[in-house]
Amino acid sequence: MSWTRMQMAERLAREFEDGWIVNLGVGMPTLIADVPLGDREVVFHSENGVIGYGPVTPPGQEDLHLVNAGGQNVTLLPGAAIVHHADSFALIRGGRMDVTVMGAYEAAANGDFANWKVKGAKGGGIGGAMDLAASAKRVFLMLEHRTRDGSPRLLPRCTLPITARGVVTLVATDLGLFAPTGEGFAVRDLAPGVTLDEVRAATACPVTE
Amino acid sequence: MSWTRMQMAERLAREFEDGWIVNLGVGMPTLIADVPLGDREVVFHSENGVIGYGPVTPPGQEDLHLVNAGGQNVTLLPGAAIVHHADSFALIRGGRMDVTVMGAYEAAANGDFANWKVKGAKGGGIGGAMDLAASAKRVFLMLEHRTRDGSPRLLPRCTLPITARGVVTLVATDLGLFAPTGEGFAVRDLAPGVTLDEVRAATACPVTE
Amino acid sequence: MAERDGDGSMTRRNKVVADFDAAVAGIPDGATIAFGGFAQPGVPFNLIAALGRQGAKRLTCIANTTGGAHKPRMPDIGMLVENGQVAKVVCSFTAATRASDMLPFTPYYERGEVEAEIVPQGTLAERLRAAGAGIPAFYTPTAVGTELAEGRETRVINGREVLLEYALPVDVALLRAHQADEAGNLRFRRSQRNFAPLMAMAAKTVIVEVEEPILPAGAIDPDDVHTPGILVQRLVAIPPPPHGIWPVRREVPAR
Amino acid sequence: MAERDGDGSMTRRNKVVADFDAAVAGIPDGATIAFGGFAQPGVPFNLIAALGRQGAKRLTCIANTTGGAHKPRMPDIGMLVENGQVAKVVCSFTAATRASDMLPFTPYYERGEVEAEIVPQGTLAERLRAAGAGIPAFYTPTAVGTELAEGRETRVINGREVLLEYALPVDVALLRAHQADEAGNLRFRRSQRNFAPLMAMAAKTVIVEVEEPILPAGAIDPDDVHTPGILVQRLVAIPPPPHGIWPVRREVPAR
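First to last, the protein sequences are chains A, B, C and D. Taking the numbering used here, the leading residue of the first sequence gets 774, the next gets one more, and so forth. Taking the numbering used here, the leading residue of the second sequence gets 774, the next gets one more, and so forth. Taking the numbering used here, the leading residue of the third sequence gets -12, the next gets one more, and so forth. Taking the numbering used here, the leading residue of the fourth sequence gets -12, the next gets one more, and so forth.
Hints are computed from structural coordinates only; laboratory data are not their basis. Cβ coordinates follow ideal geometry from the N, Cα and C atoms, glycine included. Hints may contain errors.
[As the list claims (entries may be wrong)] Listed below are the simulated SDA-like cross-link pairs for lysine to any residue, each with C-alpha atoms no more than 20 Å apart in a straight line:
| no. | chain 1 | residue 1 | chain 2 | residue 2 |
| --- | --- | --- | --- | --- |
| 1 | C | Lys191 | B | Lys892 |
| 2 | D | Lys75 | D | Ala18 |
| 3 | D | Lys75 | D | Gly42 |
| 4 | C | Lys75 | C | Ala18 |
| 5 | A | Lys892 | C | Arg98 |
| 6 | A | Lys895 | C | Ala83 |
| 7 | A | Lys895 | C | Ala18 |
| 8 | B | Lys892 | D | Tyr95 |
| 9 | A | Lys892 | C | Gly99 |
[Unchecked claim] Here chain D is said to cover these stretches of chain C; the calculated rule only asks that three of the stretch's residues, wherever they fall, bring their Cβ under 8 Å from a Cβ of chain D:
| no. | segment |
| --- | --- |
| 10 | 117 to 123 |
| 11 | 126 to 138 |
| 12 | 174 to 185 |
| 13 | 204 to 212 |
| 14 | 215 to 223 |
With these hints in hand, go ahead and build the complete structure from the sequences.
Right, dumping it as structure tokens:
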């Protein structure tokens, strides 16, 4: 039984340490803002200059002046601050993000990853991904282990144009939690009922325990 | 009869055009903030991030949180804004100053000037002078025409370490108002009773009408 | 346009113009225009609509995105593209974040009718700031090792490879602010701020649609100004809907 | 010092320390320390005095000036120099602006007991910002053609010669603010702001003396924060005089 997206979010959030500054990318990673963290307190940073945001607002209560990186209307927690885009990316490039969590198309054994351009496209969508990937202390990825047609997304090397070189710390997929080793991926956790053989069959490079 | 410092300030202020952003340096140039400008409105900018300041505060009414570049407690006019040092120098380097008015030790016919280091000193005082000199649209200087021992301060080339190359627009001294020409200085105005011969005798390079 | 570069004054010069059409009057063909906004907050919907009516051509448009993947659709750069006004865009997205979404801009780009320069978002912000700050170029670790850095100048500083990036100057910035005073001082509300202060720094002419009635000079405390008025040339107050365009709840709540 | 680099959180972690001595505890010998302030506003008088008592040695001190040319004299870098704590200063003034004034720092410098790097004020501000913004180097027209540019790297960009300048990273920033909340968000009053936000960006540890009582988190509107709390580690409220040191009218009213 593989993990749901929410379970992937919960599993990654277990890695957060108290006091971390956490940047959540567009898509799946935004689920993490709703994961209860118990005693741990982290500060969520959004690339558009929002420091200290909380859950998505319930319908009808949206503040239309306030969105997260995914364009969702969110709340502010006490102690929040707003800065402009250059200051926001100063925090990113300046190494203040303890972790950035992003979606991806591919993750590679050498720590590269790709999340901005699909095969055959003329353009793409970079957003803040290259800045975050280059400068966050840790890069966590969330992605389905295989594409819709069953091809592996965890590869020896990326086939798509990369977002940054050698930066990936952890990769959460529906099958488990993995860390790139250079040659392949090491299992950090498996979804309940998922076997190592299943992961190996779904991965294009060596998977070690 | 040579100009007083206040008359030098008044003469330079006559050059200001309506709508200019004006940066005033430490010392003599601060007098300019008190010159009445009639119909013309200019905005005074101070390097420490004060945009739109007015006259020096009367004794006893100082706001100790607010100083101009010279460390004098000043007032704010309606519409004033405060920015930090990097934004303040962004305005300077970004070419937003229509004019900067500075004191100087020497002004040269080639448009160089020197105002940060005296002869034989190991160190000096640059402050914002090099940034302002490099990037303001116009550089006006205010200085005594001669040193205390009678040596000329208007020279073919500076003898002291320069603040910037070839940037001087106008020089106001106790004897008059002058513009560097490359070879010497052109008279733009003379203090009442001062003759061209007197100016020539006090200047180390050609002075033309 | 009437303004000199960087023209501005505190109070006497009236920066308030009558309507959106007056606000965008005189923007010439070939201008480089920066548009504030990240998702909806800060997008100058009314000024974009007016620029469409005004008709300036061969524009270079700088913004985070070209817009248009959301419902309901609001005035965006994509509309100026459809209107034949745009020669080039400089954006951090030239495609939608979901592969299933198609930006109105994209087919024009794929057919080669509009040029695009894709720039990482932080580099875009920093290049705008650099233009406003008189910094002609800087080095950044962002995009090193990627396709974007191919053939470009890098160097190693403190053991790290970094990429040379140039300032991105702007002719006209079109912005939306929450409050403004007659001196042009601006305040933004929440994430409406985003690129606006940087675009104001980078631009020769700054035109702002303002959500609240324009305040008298001095009504904004000098400590609370987000963008100083000396950078701003034209202000226009946004009328209530339907005459003014205001943000609406999106049907699809993701960028 | 206990903090990790860039450590910070919103509210639960208590950033308020009991007194100035606790605020500067653990600053190690050899640290690079940035001091806020331009003339009097923003100078962290109390933290400087505490650093003198604390005794850390071989410090590199970054500030606009080393202070000390004014009456009455207030705690300044010059005092740390006299106290034998300083190896080097990085300033835009190493001499007083009036030839007739002598900075306490100057004779130590002239005797070679303290090193100095003189930096144009705008370059100093920009180098601090660059350090905080992850920009390792940038080009500027400032100081081109002067003695400061001799032997250094320049290039021509857009027809203009510009000088390469490097980021100036900081270990500890000592700042004075007007207001702070428990999350570390700061507000400065009037020209007190000056270098402080940039030094906070550039520093691993930011220590702030605060003029008003520390506010609960959320008491400062997020739109009104000058320096976000995630950059700030230690706060201390300044007691009224004579226990706290406050600005006084200067006898000589020029810098």
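What hints, given by number in increasing order, does this structure fail? 1, 7, 14
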